[in-house]
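Q: Work out the full structure: start from the sequences and follow the hints.
If you read the sequences in order, they're chains V and D.
Each step along the first sequence adds one to the number in the working numbering, with nothing skipped, and position 265 is 309.
Each step along the second sequence adds one to the number in the working numbering, with nothing skipped, and position 47 is 876.
The reader is advised that the hints may include incorrect statements.
[To be verified] No more than 30 Å apart at the CA atoms, straight line, and that leaves these computed lysine-lysine pairs for DSSO-like:
no.	chain 1	residue 1	chain 2	residue 2
1	D	Lys831	V	Lys206
2	V	Lys325	D	Lys847
3	D	Lys831	V	Lys155
4	D	Lys881	V	Lys235
5	V	Lys99	V	Lys220
6	V	Lys62	D	Lys1077
7	D	Lys847	V	Lys334
8	D	Lys1052	V	Lys334
9	V	Lys99	D	Lys1077
[Claimed, not checked] Here are some, though not all, of the chain D residues that point toward chain V, as calculated from beta-carbon distances under 10 Å:
no.	residue
10	Thr842
11	Asp851
12	Thr861
13	Tyr862
14	Thr878
15	Glu997
16	Ser1017
17	Ser1062
18	Ile1079
[As the list claims (entries may be wrong)] Far from chain V, some chain D residues (derived; all Cβ distances over 12 Å):
no.	residue
19	Val839
20	Ala858
21	Glu912
22	Ala1002
23	Lys1032
The set of hints was computed from the structure by calculation and includes no laboratory data.
Built from N, CA and C at the ideal position, the CB exists for glycine as well.
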Amino acid sequence: MANKILAVLEQREGTIKKVSFEVASTAAKLSKELNLDVEAVVAGAEVSNINEVSKYGISKLVHFKNSEFNNYSSSAYADVFSGYASEVGATYIIVGNTAFGNDLAPRLSVKLNSGCVVDCINLTVESGEVIATRPIYAGKSNLKTKLNSDVKIFTIRPNIFKAELSDAGSFSVDVKEVSNPNLKSKVVAYKKSEGKLDVAEADIIVSGGRGMKGPENFNLLESLADVLGAAVGASRAVVDAGWRPHREQVGQTGKTVSPTLYVACGISGAIQHLAGMSTSKYIVAINKDKDAPIFSVADYGIAGDLFDVLPVLTEEIKKIKS
Amino acid sequence: MKIAVCVSHVPDTATRIKIGADRKAIDPAGVTYIINPYDEFAVEEALKTKEKIGGDSLVYVITVGGEANKDTIRKALAMGVDEGILLKDDNQRDSFGIAKALADEIKSLGCEIVFCGKQSVDYDNSITGQIVAEMLNYNCVPVVVDFKIDGNKITAEREIEGGKEVVETELPAVITTQKGLNEPRYASLKGIMAAKKKTITEKPAIPSTNFAEVLDMNLPATKQPGRILGSDSSAVAELVKLLREEAKVI
Chain V
45 MANKILAVLE QREGTIKKVS FEVASTAAKL SKELNLDVEA VVAGAEVSNI NEVSKYGISK
105 LVHFKNSEFN NYSSSAYADV FSGYASEVGA TYIIVGNTAF GNDLAPRLSV KLNSGCVVDC
165 INLTVESGEV IATRPIYAGK SNLKTKLNSD VKIFTIRPNI FKAELSDAGS FSVDVKEVSN
225 PNLKSKVVAY KKSEGKLDVA EADIIVSGGR GMKGPENFNL LESLADVLGA AVGASRAVVD
285 AGWRPHREQV GQTGKTVSPT LYVACGISGA IQHLAGMSTS KYIVAINKDK DAPIFSVADY
345 GIAGDLFDVL PVLTEEIKKI KS
Chain D
830 MKIAVCVSHV PDTATRIKIG ADRKAIDPAG VTYIINPYDE FAVEEALKTK EKIGGDSLVY
890 VITVGGEANK DTIRKALAMG VDEGILLKDD NQRDSFGIAK ALADEIKSLG CEIVFCGKQS
950 VDYDNSITGQ IVAEMLNYNC VPVVVDFKID GNKITAEREI EGGKEVVETE LPAVITTQKG
1010 LNEPRYASLK GIMAAKKKTI TEKPAIPSTN FAEVLDMNLP ATKQPGRILG SDSSAVAELV
1070 KLLREEAKVI
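A: Next up, the structure:
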């Protein structure tokens, strides 16, 4: 019977992403508890920071190489990884729950006839089985689940699992050239959003709601975001009103986020918004209405006019940073 | 061409979740169910695609679940979908089980293009569309915010971290829809009346065994409310101090 755990890494423009070190570390930890071998796999053209993977308890990495692999191709990547998983008899596959992982993992699960649990925030081993915890209803509830298939796939939420340094003793990279990849579905271009941080990846988010009174006032938030190195987020109300683009929306029909710091400005805290951000490590609320539900999840609040508070806050932080 | 839209019937996003007695699912008492919000974009895109292609194109709405799912089918029919299909199963299925039933039906109908929401707002799995595609050996582009079809060729933009990927592929394909793709139309009164005359076919969903076993459902620990530091900008100095010294986040 099979005996391997695979950490599927993600590279963008030739650099392995931070979440992939979390994937590597999580797979390495599970391999010890389950007494399995662990290997990391990546598909790409040239990948610059492959050796960094060795810091996270990984001693073997397989690089599937093709000049077309700089860009993601769901069809090609799924073929390559599922083929390799079958070849080496992988029983567990760990992937990051990113756009990439979310596209790839279910395809692998069909090819390998395995179950797939997405967006895990905790993975524990109990009596030799992996028990996954994942938020559902956008975080209003948590589900504990396990898989009863031979092969088991888990995608892990970014920024939750630690990339723990662990020396595996040795490190080897096996480069496998892939000829004639299946490119029937492929990415032909990547359009970066104009210089803005994405709420899903940001460590600090400064978010605005209806209390901002109009799209023209979001420059106040952008100034604060600039000094903090933060992403700008938005409530559903302001996205629906067309003040901000949907990619900034936080909450049940937007993104679920867990930054270190979340600053909610003029957001009352509707249940679907709270569901999407209440796992943030620290929450600051600035709102005129002292009874707004947002204060029930905030660590620090100012029950005042954001047009008075925000410029002063931006200035104060600017002073510290300079 | 035959077009399929796969939809799910979910608790309204304003619902406060109560856990059921078995701790495996929510307590449905008093919960209002709606069409999954992301599926409305799928219905709209299917209708737009039909309008573009013209000819004798037909749009089918397919859902897996109990009798109550017919409300969601009717909503789609009222928006302009031609026929509804309920694949009946009163038991909870995992994404795989739902996808298996959908794929089986899509195959027997011979739909070449399938739209579904990028995720359901209940279990937030976000993988059913991709699984359906893989089962049928169709191409798939998930989380699409811009969609173009020209003959057999599809160009779709999908949302990823920090930007968008432009994906090129071909029919047959599954597209999962993200907010921002379109503005779903409202069902007109005429549409609602017409929907009453449209066919809803009901048949058992093909059997499937779940891979995922639910062990427990629970509510996350609620956060303790913190401190209100003041009511104007004079509280900013203290806020900054706490963020620096207590929270250590700036």
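Q: Any of the earlier hints contradicted here, and which numbers?
A: The structure breaks hints 1, 11, 12, 13, 14, 16, 19 and 22; every other hint is satisfied.
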